[in-house]
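With these hints in hand, go ahead and build the complete structure from the sequences.
Chains as they are written, first to last, in our numbering: chain P, 1 to 238; chain G, 239 to 712.
Keep in mind that the hints are not guaranteed to be accurate.
Pair ranges (Cβ atoms, derived) [stated by the list, open to error]:
#1 P:C128 / G:P428: 51 to 57 Å
#2 P:D126 / G:S487: 57 to 63 Å
#3 G:A548 / P:Y116: 48 to 54 Å
#4 P:D126 / G:Q443: 54 to 60 Å
#5 G:A600 / P:P130: 31 to 37 Å
#6 G:A598 / P:G107: 22 to 28 Å
#7 P:D126 / G:D497: 44 to 50 Å
In the DSS-like style, the derived pairs of lysine-lysine whose C-alpha atoms are separated by at most 30 Å in a straight line are [to be verified]:
#8 G:K478 / G:K329
#9 P:K131 / G:K282
#10 P:K131 / G:K513
#11 G:K376 / G:K399
#12 G:K496 / G:K632
#13 P:K4 / P:K234
#14 P:K223 / P:K233
#15 P:K4 / P:K59
#16 G:K632 / P:K131
Everything labelled a hint here was simulated from the structure, so no lab data went into it.
Owing to the predicted nature of the structure, the values given are computational and were not obtained by experimental measurement.
C-beta atoms are modelled at their ideal positions from N, C-alpha and C, and glycine is treated no differently.
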Amino acid sequence: MAVKTLTIDGKTISAEESATILQAAEEAGVIIPTLCHLDGIYDVGACRLCLVEIVGYTKLMSACTTRVREGMEVTTNSERLRNYRRMTLELLFAERNHICAVCVANGHCELQALAYEQGMDHVRYDYCYPKWEVDASHRLFGMDHNRCILCTRCVRACWHIEGAGTKNVSGRGNQSRIICDLNDNWGVSKTCTSCGKCVMACPTGALFHQGSTAAEMQRDRSKLEFIVNAREKKQWSV
Amino acid sequence: MSKRIVIDPVTRIEGHAKISIFVDDAGNVSDAEFHVVEFRGFEKFCEGRPYTEMPGITQRICGICPISHMLASAKAGDAIMAVSIPPAADKLRRLINLGQLVQSHALSFFHLSAPDFLLGWETPPAQRNVFGLITNHKDLARAGIRLRQFGQEIIEVLGGKKIHPAWAVPGGVRSPLTREGAAKIGAWLPEAFATTRVALDLFKQVLTTHQREVQLYGNFPSLFMGLVDPDGGWEHHGGKLRFTDSSDSIIADQIDPKDYLTVIGEQVQNSSYLKSPYYLPLGPTDGVYRVGPLARLNVCSHMGVPQADAELKNFKSLAHGAITSSFLYHYARLIEILASLETIERYLSDEELFSTYLCADAGINSLHGVGASEAPRGTLFHDYTVDRNGLLQKVNLIVATGQNNLAMNRTVAQIARHFARGPEITEPMLNRIEHGIRCYDPCLSCSTHAAGRMALDVRMIATNGQVLHEMRRE
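Structure, rendered in structure tokens:
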């Protein structure tokens, strides 16, 4: 496979031509913040946290969906990027009802961890306080739209890894939401296999195990990558 | 012309409040009202949440007694699951509640109330506080702060943090007592006992010089309510409800807390966000009842531990019939600290507390659940109605401060009647009214399910609404 040479934050590195900037950076030890990316499933560039600057492009590009090119000069950490990342995080917090203190994922939430990491000490936008419901109809799992950031990890895990295709996205703009089948209650879904991969994939407290209380949800996301590697690469790493 | 005196805000209690004193045409105090001016709205915004999240959400009502809300909420959850929780979980919940009683009572006695009777009623407010106590009674203040810390240590050992641990859950608790944790609590117990003894001796001395306060600070006939065990002994977490009257006769006994609505009515006042519960069979006027340490000691026949039982005997000998002076809430609080310490000591030698079978597992087996527990300030009820998926449809919280509301009104009226000199608000009157309220250790953040610190604002208002005199203390 052909190899491309590029620079990330001034560091010259080489990466396989099929690699994304995110993968190349990771291999070179450069950390780019992500939220919708999850090892084992394909990327969609939904969260915009991994935006990077590329010389020659006026627009910011998402590192998870942009492939490396020969001679590319990438910047992953600048004042401009930090501002955009903070702004993106603040907008995510303002859009729905993220009350960390009483959230099942408190202390184990990727959104919360990123907000701390990016120095988000307040939100400059008015909170929307939308009224979203909780779907607690499933015997094992619950879905709280108040805490959903529409990263679509659950949708991709459901379609790509489990293959059930239960989870989908409906609506547009800030009315978008995750649905089961054709907008049925999760508990009556005819396609859901109750495998729980969507719950493992969720970065926030939106998907949770029934019975969870504050700070109780911990997830083992490595299982997802394990399954994909086992299936696609025939590697069972335990 | 009849008038109204308003004290707003009231200081050194947990939350924000004001007091109105009504003066009739002859210039005599006719009535008083304690208003809570903050609104929390927990009963409303919890609707739609899963019941399993409620211990975590409702304990955010308060930073002083989060454990009480956590426990009552978890018990309401147990009722929805219709399970008997593992015995170890019940004992561990009791242990954390004892830690809560010790820390909250120590806060009330040493930090909030002791400055009044140890530094003197007329000491300027700027010095009559815990800092004044540190300056003038350094060792006592330090010991009191450490006693509170001891209670919080128990909470941290069990729940992982001092405030707001999401530890008790429907069905049980999340983690056991560790050997290291038990050793830590055990090593601290002798100091906690010693501080409590010092405080008890000190308060008995205070009693010899404060008989006027005993007579005037909320000394009136009323009912008392608290949980008791099947033998009528002191309870703080399980047991059933008992009502007694001021002659110390039992008027209702062994009422299952789930049937609380058969004995408790709730009255709403337009002037306050605090609801006023009363003993339903007797109506709002005659059904005034008190809860909390004074009530718990009045309704129980024994404490169940030797040192506290000896103190209870002394306490009950202070009057014929029930102890009706709210000034003696302080004494009751200290006896409860002692009983808590003795019970904690007993628990530490119980092997079951180290069990790892801590949580029962079940789905929704009942669409309605009530949980009751004795919070430091009195009996706390959490009443939940859920749908088939466990999402809350209706939430009713009855908290201690609300139940003491009518008694606090009477206490303020009684003190004002004695100290009011015409329509002017005098400093001595202000100080004493404040303390009358403080006897109940009211927690307004809980009672209206209030944020902010407590300050004092008094207004005297004529019946036509004209403010004749106003005094503010920040």
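Structure-based check of all given hints:
1. P:C128 / G:P428: 51 to 57 Å: holds, 55 Å
2. P:D126 / G:S487: 57 to 63 Å: holds, 59 Å
3. G:A548 / P:Y116: 48 to 54 Å: At roughly 53 Å between Cβ atoms, Y116 of chain P and A548 of chain G fall inside 48 to 54 Å, so the hint holds.
4. P:D126 / G:Q443: 54 to 60 Å: holds, 57 Å
5. G:A600 / P:P130: 31 to 37 Å: Holds - the Cβ-Cβ distance for A600 of chain G and P130 of chain P, about 33 Å, lies within 31 to 37 Å.
6. G:A598 / P:G107: 22 to 28 Å: holds, 25 Å
7. P:D126 / G:D497: 44 to 50 Å: Check passed, 46 Å falls within 44 to 50 Å.
8. G:K478 / G:K329: At roughly 17 Å apart (the allowed maximum being 30 Å), K329 of chain G and K478 of chain G satisfy the hint.
9. P:K131 / G:K282: holds, 13 Å
10. P:K131 / G:K513: holds, 28 Å
11. G:K376 / G:K399: Holds, at about 28 Å.
12. G:K496 / G:K632: holds, 15 Å
13. P:K4 / P:K234: holds, 27 Å
14. P:K223 / P:K233: holds, 15 Å
15. P:K4 / P:K59: holds, 22 Å
16. G:K632 / P:K131: Given that 30 Å is the threshold and the Cα spacing comes to 17 Å, the pair holds.
No hint from the list above goes unmet by this structure.
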